[in-house]
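Enquirer: Chain residues, written in single-letter form:
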Amino acid sequence: QQQVKQSPQSLIVQKGGISIINCAYENTAFDYFPWYQQFPGKGPALLIAIRPDVSEKKEGRFTISFNKSAKQFSLHIMDSQPGDSATYFCAAGGATNKLIFGTGTLLAVQP
Amino acid sequence: DAGVTQSPTHLIKTRGQHVTLRCSPISGHKSVSWYQQVLGQGPQFIFQYYEKEERGRGNFPDRFSARQFPNYSSELNVNALLLGDSALYLCASSSQTRANTGELFFGEGSRLTVL
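These protein sequence lines map, in sequence, to chains A and B.
Reminder that position 56 of the first sequence reads as 860 in my numbering, one-by-one numbering, no gaps.
Reminder that position 81 of the second sequence reads as 862 in my numbering, one-by-one numbering, no gaps.
Next up, chain B with everything else stripped away, as it sits in the complex (with noise of 0.2 Å):
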């Protein structure tokens, strides 16, 4: 079976563009969250969808936004982006979702560099 898979995976913006990331979960899981990796740090959570309706946002700027589609996979969007933007985006891929099922699968990320 597939895991979570993710596009692109590497790209390169500059200050003020717009970015588009994507995520296709495990089959038959419903929650996709997003983390953002910055180099030397652990992720951090940044949403949660399931069943196409955001269950959880954490502290990023309104500049961050996602959707679920019908087919539970996922598109992260950032807008006006900024250096310090620059990191590996996470998607993790669940059937649940409360974070203590000990059923988060992530891909292997996207990087992005802003320049």
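Same shape as in the complex, but just chain A (with noise of 0.2 Å):
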């Protein structure tokens, strides 16, 4: 029940194409839902978050879709950029003290 799914481990994307990533949680406890950004020897930054009482958030090219009823969640990249490429993480908490990370995604934008 503590588990989330991300798919795909890996993505390759043209510039200025679509890069779109998948989460899934079983918690219905889960209240708050975060993605995370890494690029190589730097720790997690925040992208952008979802709360379950909306379905979808935008902020810039970076937009976040939520089903509640399916227990899942995505992150889409616009106009996807060289500079986008990095590792993705979905994570999902709630009012406990910790996060839970899916697996991550490498996301490689050629130009």
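To be clear, the hints were calculated from the coordinates, so they are not data collected in a lab.
Bear in mind the structure is a predicted one, so any value in this text is a computation, not a measurement.
C-beta: ideal position from N, C-alpha, C; glycine also.
Please note: incorrect hints may appear among the correct ones.
Unchecked claim - BS3-like cross-link-like pairs, simulated, lysine-lysine; straight-line CA separation at most 30 Å: (1) Lys846(A) x Lys794(B); (2) Lys809(A) x Lys819(A); (3) Lys809(A) x Lys862(A); (4) Lys862(A) x Lys819(A); (5) Lys872(A) x Lys809(A); (6) Lys846(A) x Lys811(B); (7) Lys846(A) x Lys833(B); (8) Lys833(B) x Lys811(B); (9) Lys862(A) x Lys875(A).
What the hints assert, rightly or not - Below, a sample of chain A positions facing chain B; criterion: calculated Cβ distance under 10 Å: (10) Leu850; (11) Thr900; (12) Val913.
Since each chain comes alone in its own frame, lean on the hints to assemble the complex.
Expert: Dropping the structure here:
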């Protein structure tokens, strides 16, 4: 019940294309779903987050879509750029003190 | 303002040794959490400390311990190192105890290699 499943493991997208990463969770106690971006040699940095009372949140080129009934959420990166090449982690949290992370998606945006 | 700072950035130890990792949170943050990130995996929760008290512990053996000091900095200690302890150890800082407040900031980590 504590798992967050993330796919795909890796993704190659052409510059200007749309990158889509999917996550699924089981624990209905989760009420906070952030996405983190991690560059090599750096710690994860919060990119965008959503709560279950909305189905979509957009910040610039980054959009989270949330499906509460299916217990799934996804990250869409529009107009993907080479600078977006990084590892992306979805996560889930609740009123406890820890985030549960997915296994990560390595995104490569080709120029 | 300085972010979360961790030291050392890299270290190499041999099996059976002990290691101490250090973390300074963002100024004003009273909560420090430790996560272990094995290569190719997502971070896994080890501990949370808030106001010098342990508030949470993940599924890690007793060889792992931590503490928080009056200035809110923190140390993670690992005894009797195993090869499987090789990982990036991340410290995260927050002004809150709950993970759903959206205020978790990570440092760049300490890369531990156990030979």
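Enquirer: Check whether the Cα positions of lysine 846(A) and lysine 811(B) lie no farther apart than 30 Å.
Expert: holds (23 Å)
Enquirer: Below or equal to 30 Å on CA atoms is what counts here, so check lysine 846(A) against lysine 794(B).
Expert: holds (21 Å)
Enquirer: Holds or violated: leucine 850(A) as interface residue toward chain B, Cβ cutoff 10 Å?
Expert: Result: holds, 7 Å to nearest chain B Cβ.
Enquirer: Given valine 913(A) as an interface hint, is the shortest Cβ-Cβ distance to chain B below 10 Å?
Expert: It is violated, given that the least Cβ distance between valine 913(A) and chain B is near 20 Å, above 10 Å.
Enquirer: Measure nothing beyond the straight line between the CA atoms of lysine 862(A) and lysine 819(A); if it is 30 Å or shorter, mark the hint as holding.
Expert: holds (20 Å)
Enquirer: For the pair supplied as a hint, lysine 862(A) and lysine 875(A), is the alpha-carbon distance within the 30 Å limit?
Expert: holds (19 Å)
Enquirer: Is the Cα-Cα distance between lysine 833(B) and lysine 811(B) 30 Å or less?
Expert: The given pair, whose Cα atoms are some 8 Å apart, holds under the 30 Å limit.
Enquirer: Between lysine 809(A) and lysine 862(A), is the straight-line Cα distance small enough, at 30 Å or below?
Expert: holds (22 Å)
Enquirer: Against the 30 Å threshold, does the CA-CA distance of lysine 809(A) and lysine 819(A) hold or violate the hint?
Expert: Distance ~27 Å between lysine 809(A) and lysine 819(A) Cα, so the pair holds.
Enquirer: With a cut-off of 30 Å on the C-alpha distance, tell me whether lysine 872(A) and lysine 809(A) pass.
Expert: holds (15 Å)
Enquirer: Check the hint pairing lysine 846(A) with lysine 833(B) against an upper bound of 30 Å on the C-alpha distance.
Expert: holds (27 Å)
Enquirer: Can the hint on threonine 900(A) be confirmed by a CB-to-CB distance to chain B that is less than 10 Å?
Expert: Holds, because the Cβ-Cβ distance from threonine 900(A) to chain B comes to roughly 6 Å (cut-off 10 Å).
Violation of the numbered hints given earlier is confined to hint 12; every other hint is satisfied by the structure.
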